[in-house]
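**Student:** Chains as they are written, first to last, in this note's numbering: chain A, 496 to 957; chain B, 496 to 957.
Hints in this document: simulated from the structure, not taken from any laboratory.
Incorrect hints may have been included.
To be verified - DSBU-like cross-link-like pairs, simulated, lysine-lysine; straight-line CA separation at most 35 Å:
1) B:K596 x A:K610
2) B:K610 x B:K596
3) A:K610 x B:K907
4) B:K797 x A:K907
5) B:K797 x A:K921
6) B:K610 x A:K596
7) A:K921 x B:K596
8) B:K642 x A:K907
9) B:K921 x A:K848
10) B:K907 x A:K921
11) B:K921 x A:K596
12) B:K610 x A:K642
13) B:K642 x A:K596
14) A:K848 x A:K610
15) B:K921 x A:K610
16) A:K907 x B:K907
17) B:K610 x A:K610
18) A:K921 x B:K642
Claimed, not checked - Stretch by stretch, here's where chain A covers chain B in the computed footprint (C-beta under 8 Å, at least three residues):
19) 547 to 558
20) 710 to 721
21) 907 to 915
Ideal placement from N, C-alpha and C gives every residue a C-beta, glycine not left out.
2 protein chains.
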Amino acid sequence: MLRYFTAFLLAALPLSLQAQSSRPGLADLYRETANRIIAAALDDSATYDRIAYLTDTFGPRLSGSQNLEDAIDWILSEMQSDGLDNVRGEPVMVPHWVRGKESLEMIEPRRTSLKVLGLGGSVGTPEEGITAPVLVVRSFDELEERKDEAAGKIVVFNAPFTSYGQTVQYRGNGAIRAAQAGAVATLVRSVASMSLYSPHTGMLRYDEGTPRIPAAAITVEDAEMLQRMQDRGQSIVLHLSMGAHTLPDAQSRNVIAELTGTEYPEEVVVIGGHIDSWDVGTGAMDDAGGCVVSWEVIRLLKELGLRPRRTIRVVLWANEENGLRGGLAYRDAYAESLDDHVLAIETDGGVFKPDGFGFSGTEEAMAMIREIGTLLDPIQAGTITRGGGGADIGPIMREGVPGMGLSVDDTKYFWYHHSEADTVDKLDPHEVNLCVAAMAVMAYVVADMPERLPRRKAPATN
Amino acid sequence: MLRYFTAFLLAALPLSLQAQSSRPGLADLYRETANRIIAAALDDSATYDRIAYLTDTFGPRLSGSQNLEDAIDWILSEMQSDGLDNVRGEPVMVPHWVRGKESLEMIEPRRTSLKVLGLGGSVGTPEEGITAPVLVVRSFDELEERKDEAAGKIVVFNAPFTSYGQTVQYRGNGAIRAAQAGAVATLVRSVASMSLYSPHTGMLRYDEGTPRIPAAAITVEDAEMLQRMQDRGQSIVLHLSMGAHTLPDAQSRNVIAELTGTEYPEEVVVIGGHIDSWDVGTGAMDDAGGCVVSWEVIRLLKELGLRPRRTIRVVLWANEENGLRGGLAYRDAYAESLDDHVLAIETDGGVFKPDGFGFSGTEEAMAMIREIGTLLDPIQAGTITRGGGGADIGPIMREGVPGMGLSVDDTKYFWYHHSEADTVDKLDPHEVNLCVAAMAVMAYVVADMPERLPRRKAPATN
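All chains, full assembly: derive it from the sequences and hints.
**Tutor:** This is how it looks when you write it as structure tokens:
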């Protein structure tokens, strides 16, 4: 890998220098260092191996599970071995939802088992399950039109995938809308852009005034089959059984490690992902990859002897998937120092081939970030787009911290997302290393550059 | 669809006529009829709907199952309603393998359930299951090198997919090779070109002198995980439980219907697929699609009033998947008339976008088939390649009957093959209709053309 990359740099550098020659500044100041970071990142396979070890050894890491705590213990211990600074687990109370046993049987028109995967936060069914006729709808609008038919039924939302943002509303709000129409349970077509009979879970919402009905995902295949059966005028009866329940909140931790700054240690660039996952697959993409890549950034910089002026703080948040308690706890714990949070970068879109970052900040800051981005042109990861962040850094971004998210090739993201297929084999070691390179260059330069990244004054101090 | 196609023909025909003008013969004789057949086939959505109804209503159709017999009853009744000739079920005794309950637990290094899908024909485990350490190998060669380590273990074959023909040897012969090395069971990485944690079944072989050990497929994901664990030096222990067993042979049927020839009714063009399937998914691609497309060919020709000089016989064979008893029974039942079998065409590669046919016959016959193929140029389905047939027509091809297989875009075939993902949503109604068009033109012209398709004399009569 290194040999290939060196040859590549020799070819790419003159052009790059030429393009930049009339524009001295951050890029020129950091080009040599950036190239050194990139070369070292690409010469390393430890990152992929660590993602594999973490996910193989501890499995999925749902908030409240022993798996999650065991994984956190191991990470803290490894971070200590890596010699990182101020390694610590900071307490967070997290929701403790337990899936329990689940089954879905078709009674009519044909007796068979269908695959089912309860939605996070769902209540269970009574012990004897729920047997009910089915109403299939393609949209909330169709449910509204047919709401007189929904009472006492299991409402199936069969909304084809368009974009995640659009389609996920059925997973998020389906239980409320179905219950408002009088349904006794709801099944949601998995929010997935490809299916091999694979159900995808994720969080649902309930609201105060509406009965909480059990809600689960079914496969794209079965949603379409139920639709065809209904369209033929066949009567459909299903039997749903779910043991889902919620236990009292459990103790978990945000995992933190630092590379302490040499000149302004109190000024912080936060980078990270979330260490919890859903309870299917092993959460390799969502988001063990983002965690280990962020962790690797400071391990690698330390190994290279590159200690920046400001502190780089890795945070592996707890409970992104079903509560966001880690991000909220971080905001509260560091409320006094958020003004000194120079930048927060989250990677939670899978550590596939990176193409750059999305940035949310002032125009002046954007210009600087774009210039830093050019340092990633040799690996085609320098495109900076407007808007970007992440769920876990949302709470501190709302307090005025500039936010950024790593952008990657997400073509297949929703093939795997929240399903049994989220496993490390979907990642590519070279692409993972490219993510390390991109994150390390961006974090290092922002943490080290002479001028602090400009930002709006926090609303509270305005 | 019809409007689009008519416009398309108007544009395509002059060019097509021009190319053929210096070469009168079969193509000129049948162009008008072929275009009529194509237009009618593409104007029809009944074929897709029938595949959907068949697979939704009867589900998977493993040999020996009630599902298969119910499906056959329905098809026979529908064929009668369609007014086809000589509709009948011809008795075939088929193997009756039953999957039973299955589970696979990892005991070390991490307690978790792994997905498992027994291979067809496998014996079961003792009731208490088999708990054993694991040896992972990537090939038979590696097993040979490490055979001293295999005794008493569960051997996992982790051979990456290259081509079906290459990779399927581990599913077919893995149980024999592992048992020869002293293994107590074997697990085979699914033969699949893409995986979303989806196991793929299929037939295995045992041989006489070797102990019959239980054999099952695991997912690509888990095969790779077990490999990584072994490569790290971790000890792996699995617990496999399989209730698989084989009952006495069961009665099933080859389904037959005809469009009787007007001049040479005793001369026959056979077309068909297999009506049995594996017991996962609903066997829509493998091979309900091939069955319904073949059936539709004669229904459509009849509707168009196109009754050829020779008979077109649709055969939906029983038991392609785990015994080939249907193909063998057909050969035996029609031994006396095989000399009058002009051609046999099988479609068993999924009814995806067709590009032509593979043909096995004499050079003289190939030239005629290629000329007929040009009639399918308007739908880009006229490419005739050498070699082709199908498992079910293999027995009569070996008796001298020229054989042919429909060629389709098989890019995704091994994503779905023998898995829960083999469902009708993977097919496209327009592509299904293109298959009907291609099959109907080829079958009609060969059945109707003045000269009988030439063939080698059957070996027995030489």
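**Student:** Each hint: holds or not?
**Tutor:** Hint-by-hint comparison with the structure:
| no. | hint | verdict |
| --- | --- | --- |
| 1 | B:K596 x A:K610 | 16 Å, holds |
| 2 | B:K610 x B:K596 | 12 Å, holds |
| 3 | A:K610 x B:K907 | 22 Å, holds |
| 4 | B:K797 x A:K907 | 46 Å, violated |
| 5 | B:K797 x A:K921 | 50 Å, violated |
| 6 | B:K610 x A:K596 | 16 Å, holds |
| 7 | A:K921 x B:K596 | 30 Å, holds |
| 8 | B:K642 x A:K907 | 39 Å, violated |
| 9 | B:K921 x A:K848 | 28 Å, holds |
| 10 | B:K907 x A:K921 | 18 Å, holds |
| 11 | B:K921 x A:K596 | 30 Å, holds |
| 12 | B:K610 x A:K642 | 39 Å, violated |
| 13 | B:K642 x A:K596 | 41 Å, violated |
| 14 | A:K848 x A:K610 | 32 Å, holds |
| 15 | B:K921 x A:K610 | 18 Å, holds |
| 16 | A:K907 x B:K907 | 15 Å, holds |
| 17 | B:K610 x A:K610 | 13 Å, holds |
| 18 | A:K921 x B:K642 | 31 Å, holds |
| 19 | 547 to 558 | holds (count 6) |
| 20 | 710 to 721 | holds (count 4) |
| 21 | 907 to 915 | holds (count 4) |
Violated hints, in rising order: 4, 5, 8, 12, 13; the structure is consistent with all others.
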